[in-house]
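Asker: Residue-level listing of the chains:
There are 2 protein chains.
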Amino acid sequence: MTASDAAETVRVELGDRSYDILIGPGLLGDAGRHVSTVLPGIRAAIVTDDNVAQHHLETVRQSLADAGIETAEIVVPAGEPSKSFATLQEVVSRILDARLERGDAVIALGGGVIGDLAGFAAAIVRRGMNFVQMPTTLLAQVDSSVGGKTGINAPHGKNLVGAFYQPRLVLADTAALDTLPAREFRAGYAEVVKYGLIDRPDFFAWLEGNWPAIRDGGPERIRAIAESCRAKADVVARDEREAGDRALLNLGHTFGHALEAAAKYDPAILVHGEGVAIGMVLAHEFSARMNLASPDDARRVAAHLENAGLPTNLDGMKTHLRDADSMLGFIRQDKKVTRGALNFILTRGVGRSFIAKDVPESEVRGFLVDKIGQ
Amino acid sequence: MTASDAAETVRVELGDRSYDILIGPGLLGDAGRHVSTVLPGIRAAIVTDDNVAQHHLETVRQSLADAGIETAEIVVPAGEPSKSFATLQEVVSRILDARLERGDAVIALGGGVIGDLAGFAAAIVRRGMNFVQMPTTLLAQVDSSVGGKTGINAPHGKNLVGAFYQPRLVLADTAALDTLPAREFRAGYAEVVKYGLIDRPDFFAWLEGNWPAIRDGGPERIRAIAESCRAKADVVARDEREAGDRALLNLGHTFGHALEAAAKYDPAILVHGEGVAIGMVLAHEFSARMNLASPDDARRVAAHLENAGLPTNLDGMKTHLRDADSMLGFIRQDKKVTRGALNFILTRGVGRSFIAKDVPESEVRGFLVDKIGQ
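Protein sequence lines correspond, in order, to chains X and L. Heads up, the first sequence is in my numbering, so the first residue is 1 and it goes up one at a time. Heads up, the second sequence is in my numbering, so the first residue is 1 and it goes up one at a time.
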């Protein structure tokens, strides 16, 4: 086994759409070998952003070239605004300019924005090309690289246009995370914690003891990412198109999305993982208020997230939240609403989350009034 | 059974994506009842074009309203240019304006352009809404309403961006075809003939005897449409995503597409079904030249298509075809090319078509030189 062989492989079982996630250090430098094993004889478009391109594009391009894979490089501006119709059209056009065929590949090299954008382009060019993910952020490695959600934003809201489209291969290079800003690594870690809180109490307990080692790299980081991918893959395999169980993955996200909206999606104020961290604590506190779980669980969750340097309460958001009703308005706009009823992921304790339908709005409002004020 | 009950139902078997095609006169006037049976409690967006809207929009809107289905109407300009990124974005935006959710429906009321455009919008809004087809042309009823191909055009070529996305229900109102121009009806009929030529020799023989009755309406028209839908559904059920057998549906289309491109997609010169009619005759002639089939078959096919008022040779196209090589150039641009090799649908006789891979370009060129000149 060479240094670039994957330390872990997670198989996502989806019938004829099954694929492997390889996880380990140095995978980007060996991308050509891995891609050509799964997709022999192809050409490819590498979609990335101007930040990631500086760190990793030449490594990947050279590795693919060494394996005989001719590439076109498509570099878009870094950041959420690239998840737009205009950028999608540009990426689609560049893929067609390169005369790639259905059997060729679109490679997403970057974080969640690039994965969502490039994956959607792969889904629609020639009604579906091969798609390969090379996630370079912790969030993308543990979240967007599993499950096949791709898409762009609309003026009406985030991720309102897209497709469910599975990759043929995911290369999660854990060494690529060393170039990630600390804040972004912590934000991705919130999603790692989420998998423990949904239905893996032992994993959560292990995380409580191993956060410093995960942050600093090494085998604990690989294990945390692999266990997260396995957890998400389990849920997705049960419910690929989000008809039921998959909603569990939204633990902390209803409150979290509302907070992101309240912060006008300004990453200087709040990034997605931070919203999820606060949202998970609120979900545990709300569950305690509904007498479903002990307040001790909420305190335990908050303590670990705080230890990892994540926000766990609304203190930093006070200036952006006018009152309980304005936050309720943001919650109503969230797309996880089935014909007007409020759906929430609640919990009976650490690792015991469940889907609650028809949660009374009055209960949510009462909880928010206590938190934010009338 | 009331007058508006479907005279025929064709089931398209695609596992959990299976659906029914109802075929008969007066279905648009009873759309509300049929839609609410399959999709109870929904709201809907009706996507149509300004021509079709004049004939049928109020009928459908009223019928849906009577069944308690609230609708938003989205009317786009008639014609191929609406299969564009710009119009797609407009339709998507209007669906989101109407605050439709994933469980609501997008209804395509019109011909192939509307079906492709609205179906693609349904596929990508909220990563997939319910989709209902109400095809109002013969071509759309026998071709685009079965198989789930949706999409738009790119500057690089037709249908290069899209999705495979199945409807939940198709209502093929055979009386709606009475408002169709004769030329458009004949062009759609070319695709009906195609199903006989692929693998249903008895159907082709029946068509030879029944064209006038099909043209004039009545039970023969319903039978011809139902048999066509059944034929296409059989092929699609075997190969939903066009990995193999589905290519049989391209009989006559490689030559046909090249002719459409040579005519610059100007419907005043040639419409799709006319290109397919000529293409099918050429495919039979080319098969005879390859000693695969008897020249009598090509003559028999040409005779029936001519009898139906369709073009069957290149006489009308001479001014648009410079030479054999220019036509070969258009053929090479066709997207049904696997890594540079020329794929053709050839035949061993009426109803005995097959997929031929790696057809030597020199043979095709020789055939075209004989037809068009050096």
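Careful: at least some of the hints might be erroneous.
[Stated by the list, open to error] Now the stretches of chain L that chain X is said to cover, found in silico as 3 or more residues with beta-carbon under 8 Å:
(1) 87-100
(2) 162-170
(3) 354-361
Quick caveat, the hints were computed from the structure, so don't treat them as lab data. Glycine included, C-beta positions come from ideal geometry on N, C-alpha and C.
Asker: Take the hints in turn and mark each one as holding or not.
Answerer: Outcome of the hint check:
no. : hint    : verdict
1   : 87-100  : holds (count 5)
2   : 162-170 : holds (count 3)
3   : 354-361 : violated (count 0)
Comparing the model with each numbered hint stated earlier shows that hint 3 is the single one that does not hold.
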